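> So you can see what is in the structure, the chains are spelled out below.
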Amino acid sequence: MIEGARPTPCDEYSDNLAELALGILTGRERAATLAHVDSCPRCADELEQLSHAADAVASVAPEIEPPMGFEVRLFSQMGVAETPERSRRRLTPPGSVARSPRWVLATAAAVIALALGLSIGWSTGGHNGGKAADGPVGVEVATANLTANGSTVGSVNTYGGSKPWMIVTLADSGTQGKVTCEVVTGDGVTHKVGSFTAKDGYGAWGAPLRVAPQDVRKAEVVSSNGKVIAIAALHDVS
Amino acid sequence: MIDSGSSDEALLSGMAMGDQEAAVVFVRRYQRRIFGLAYSMTNDASVSEEVAQEALIRVWRHAPVFDHRRGSVTSWVLTITRNLTIDALRMRRAVPTDPDDFAASAMLSLEHNPEDAIGRGDVSDLMRAALADLAPEQRRAVVLAAVYGRTALEISDEESIPLGTAKTRIRTGLIRLRAAVERVRQTEGER
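Going down the list, the sequences are from chains A and B. First residue of the first sequence? That's 1 in the numbering used here, and the numbers climb one at a time after it. First residue of the second sequence? That's 1 in the numbering used here, and the numbers climb one at a time after it.
Keep in mind that the hints were calculated from the coordinates and are not lab data. Source: prediction; values computed, not measured. Even for Gly, the Cβ is constructed at its ideal location relative to N, Cα and C. There's no promise every hint is true.
To be verified - Partner residues are not named here, just some residues of chain B that face chain A (Cβ under 8 Å, in silico):
id	residue
1	Ala-16
2	Arg-33
3	Leu-56
4	Val-73
5	Ser-105
6	Ser-156
7	Ser-160
8	Leu-163
Claimed, not checked - To be clear about the criterion: a stretch of chain B counts as covered by chain A if any three or more of its residues have a C-beta under 8 Å from a C-beta of chain A, and this derived list gives those stretches:
id	segment
9	44-51
10	126-136
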């Protein structure tokens, strides 16, 4: 507001528009703001734009394949004639995103870099497991599969830069309950990164990494009783 | 003629007329988004399936009353899902996914860089990037409000911050997200 300018009714209500757009404004504030919007085209326009943004927030959630049999159960309830479920090239279990993990993780790291306020460019592709990647320009991203008994049960992604970060995803791992993620650096020292909860074998989690990502040789997911559930080799020792 | 290339609006119109083929196409188009939203909020596959089934049944039943002037089909469907998920969490007194985890899973699903997303008119990807670009405290406040339906007062209590601070975080965060959505809308308008 310009110094000396007289406050307008909009000044009084504009602060409430975001909450009104989000549907969380209540009581008298809501009623008064709605009454103002009804008589103020400028605030009505502002409210419409904020409402588009508010509606779009839920759309950021990842697409996840429902469990097998979902369609059969649903169509039965809807009274829709049973239709064979589409052929699935690969069953993507709950808790995992239905997209290319390597690309997803590479871009996730880049987005986290944005979240951390780093000024970076964008790469145009993913990278190979266990190897330093193209990643965002000027920073190192590494991705590796988490394996257990020879099977892939998830993935680990580390992001370098000034604020190192690590993302762990478990999919169909058979793991249940609290697990700990540890990394082993080149000097053989094990560092605990943090804990998260796996449910029905699935879980996704991220945390700051307090060691240099390029020093990380492997990552381990450890159960509450100390058993190593899965291992990812992040940098070739050779 | 309904097929997998039919618009959302055409599918809803077909569903409103009782067209089962339209319902099948619609379900297959939206089930992953609906289940994904519920699962991201609950981290519970069982609850998420219940919510997703109920959401799609409601869309099927209420297709005749959908009003495109009030927003897109996607917004409508995801709002139904979000509200059902909040109800399910309350009924079970379940602990929802932490807002930071919700945001992290959203970031994990980013598929295109922001400039590509604008070119493709992909609001979801652009919102993911915009959400990631928010200050962490603003992102958390916006997710609590927009996804979990928390009021400013509830956020103030849960986050142990003054009410004014909660309101400022919500407002500032949403205004920054609005800029991202407007970029997509302007690009679409120029086409």
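> State for each hint whether it applies.
Hint by hint, here is what the structure shows:
1. A cut of 8 Å between beta carbons decides the hint on B:Ala-16: the least distance to chain A is about 14 Å, and the hint is violated.
2. Against a cut-off of 8 Å between C-beta atoms, the interface hint on B:Arg-33 holds, since the closest Cβ of chain A lies about 5 Å away.
3. Among the interface hints, the one on B:Leu-56 holds; its C-beta lies about 6 Å from the nearest C-beta in chain A, closer than the 8 Å criterion.
4. Hint status for B:Val-73 relative to chain A: violated, with the closest Cβ pair at about 11 Å, above 8 Å.
5. Proximity of B:Ser-105 to chain A holds as hinted, the smallest CB-CB distance being about 5 Å (cut-off 8 Å).
6. Restraint check, B:Ser-156 versus chain A: the minimum CB separation of about 12 Å is more than 8 Å; hint violated.
7. Interface restraint check for B:Ser-160: the shortest CB-CB distance to chain A comes to about 19 Å, outside 8 Å, so the restraint is violated.
8. Taking 8 Å as the C-beta contact cut-off toward chain A, the hint placing B:Leu-163 at the interface is violated, the least distance being around 11 Å.
9. For a cut-off of 8 Å, the count of residues in the segment 44-51 of chain B with a CB near a CB of chain A stands at 4, and the three-residue condition holds.
10. Note: the segment 126-136 of chain B has 8 residues with beta-carbon separation from chain A under 8 Å; the three-residue rule is met and the coverage holds.
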